[in-house]
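Enquirer: Order-wise, the sequence lines are chains H and W.
Numbering-wise, the numbering used here puts 182 at position 182 of the first sequence, and it's gapless, one number per residue.
Numbering-wise, the numbering used here puts 75 at position 75 of the second sequence, and it's gapless, one number per residue.
For the record, the hints were derived by calculation from the structure and aren't laboratory data.
On a predicted model such as this, the values are computed, not experimentally measured, just so you know.
Even for Gly, the Cβ is constructed at its ideal location relative to N, Cα and C.
Warning: the hint list may mix true and false statements.
Unchecked claim - Here are the simulated DSSO-like cross-link-like pairs (lysine-lysine), alpha carbons at most 27 Å apart as the crow flies:
(1) W:153 to H:94
(2) H:68 to W:153
(3) W:10 to W:153
(4) W:75 to W:6
(5) H:36 to H:26
(6) W:65 to H:56
(7) W:10 to H:94
(8) H:182 to H:53
(9) H:36 to H:53
(10) W:6 to H:53
(11) W:77 to H:94
(12) W:10 to W:65
(13) W:258 to W:10
(14) H:53 to W:94
(15) H:53 to H:94
(16) H:94 to W:213
(17) H:53 to H:68
(18) W:77 to W:94
(19) W:10 to H:68
(20) H:68 to H:26
Said to hold, decoys possible - Computed from the model, here is a short list of chain W residues facing chain H with C-beta under 7 Å:
(21) 10
(22) 153
(23) 156
(24) 214
The primary structure of each chain is shown beneath.
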Amino acid sequence: MISFQAVTKIFPPNILALENVSFEIKPKEFVSIAGKSGAGKTTLLRILLVEEKPTKGRIFFDGQDLSKIEPARLPQLRRRIGAVFQDYKLLPSKTTYENIAYVMEVIGATEEEITRDVTQVLEIVGLEGRAQNFPAALSAGERQRAAIARALIHRPDVILADEPTGNLDPYNALDIIRLLLKIHELGTTVILATHNKEIINSLGKRVITLEEGRVIRDEERGRFVF
Amino acid sequence: MFISIKRILKSGWLSFSRDGGLAAATCFIMVMTIFLATSLFLLRDVGQFLISTIQEKADISVYFKEGAPEEDILKVKEEISEIPEVKSVKYVSKEEALESFVQRHKDDPILMESLEEVGGNPFLAALNIRAFQASQYQAVANFLDDALSPSLKDLVEKVDYYQRKSVIERIFALTSGMGKAGISLSIVLAIVAILVAFNTIRLAILNQKEEIKVQRLVGASNWFIRGPFLVQGAISGIFATIICLLIFTLICWFLSPKIEILFSGLNVWRYFTGNFFTIILIQLVTGIGLGVISSTIAIRRYLKV
């Protein structure tokens, strides 16, 4: 489904973020990208979202070469990917409900579908009582749950989670990981980038470890090892 | 398609109504710009009125000697009328001059007493000559000096151009100066308006940059992102137009009688109501134009993620 082929990313003037990175991710896999801060985890996810272009190498998403994708086709690609960020990236001027509904509006869902699905997803993430609150009025954990709800509302093929627990306490962090596992069980591919040792060790899933931009380990039931 | 348009309109309205501070600031700047555009429109016509009033008052008078025969004066009138620079020539007989003086000063006992004391009709028959432009009065004066036949020239008591030359030239310099000053002021104010509007756009860009980025990341198309910002800009323009229209209605309503006292014949309220739809059009075009253009620049600059 996703294939990185000898991907290198150099930021000007000469900062090597990724070096010759190659791996494949199959549909419905749960993959953790582990590594210290600055190892290249975020760059890897940004390249997958086509926020960045690789300096060398190719990335395929369902057979489509992302290094050559036309700008006009980007919205369609991004609608197939749900993204969760450490800093949530919720729209501050929209309520929780509107933030989640926005993605449905983008794909052209009807009002009935939006009402039905958003209500359902709000229940799944436990935010039914916070639907009319703006992001500024939510706690960190609630914001991240809202971001996850937004990422999964339109049933994307892949969910990218970039340090989703980075700003959360252990209780909220555990909630978020449980949610991601639940989404994975429902058949969605999940790519989780984190430097949290406990989380990676508790998952018992595939782990790709990066160090200074290179893949140093790729294990089916990996652990956090440095 | 229809659903998307509806959502874009709704989203634009929500952003406008929720973003109170920025919306108010944008509206305020737009009110100032629309106010300026409307003022220029109104002032242009008020200025024209004042200029033509002043110009109407500039002329040359040729006074004829006591006892000059009327047919000779009318002959001079005919000759002067043939000069291409002359716009009009009006003959004022001794009697008409006296009557006009009495009419004008009948409430001034000192002047009337003086007139009685002088006895008879002290006024001279005259020709009032108007040219098309100030610069042409010299040509008329030259004609009276050189081209008039000596017999007719002898009838002329005095030409008051030389006495009023400096006044006439000053009036025309002033009116042409007013026109130039108006244009210069318009240019300066237009530049100020553009600078102010662009500064608002800069603030809008800084405020909305992250939001646009997030919208792109969740797969929104260009128009789904642009639309609400354009709608928001247009709504700001419409609100600013309404505010400006109210301000102008009040100003014209209250000041019109006072202005009419200062400049008789200049009724600002009548002019405002007579040109109401032109004014609305100017305001809407300025308001919505500014809103839409500023939003377009803002989103175009930050659309690439």
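Enquirer: Each of the hints needs a verdict: does it hold here or not?
Expert: For each hint, the structure was consulted:
1. W:153 to H:94: 89 Å, violated
2. H:68 to W:153: 95 Å, violated
3. W:10 to W:153: This hinted pair is violated, its Cα atoms lying about 83 Å apart.
4. W:75 to W:6: 79 Å, violated
5. H:36 to H:26: 25 Å, holds
6. W:65 to H:56: Answer violated: residue 65 (chain W) to residue 56 (chain H) is near 104 Å, above 27 Å.
7. W:10 to H:94: Between residue 10 (chain W) and residue 94 (chain H) the Cα gap is close to 12 Å, so the pair holds against 27 Å.
8. H:182 to H:53: Given that 27 Å is the threshold and the Cα spacing comes to 31 Å, the pair is violated.
9. H:36 to H:53: Holds, at about 22 Å.
10. W:6 to H:53: Roughly 35 Å between the alpha carbons, so the hint for residue 6 (chain W) and residue 53 (chain H) is violated.
11. W:77 to H:94: 82 Å, violated
12. W:10 to W:65: Cα-Cα ~83 Å, so violated.
13. W:258 to W:10: 46 Å, violated
14. H:53 to W:94: The hint is violated at about 96 Å.
15. H:53 to H:94: 30 Å, violated
16. H:94 to W:213: 15 Å, holds
17. H:53 to H:68: 9 Å, holds
18. W:77 to W:94: 15 Å, holds
19. W:10 to H:68: Outside the cut-off at roughly 35 Å; violated.
20. H:68 to H:26: 22 Å, holds
21. 10: 9 Å, violated
22. 153: Residue 153 (chain W) check fails; min Cβ-Cβ to chain H is 85 Å, beyond 7 Å.
23. 156: 82 Å, violated
24. 214: 5 Å, holds
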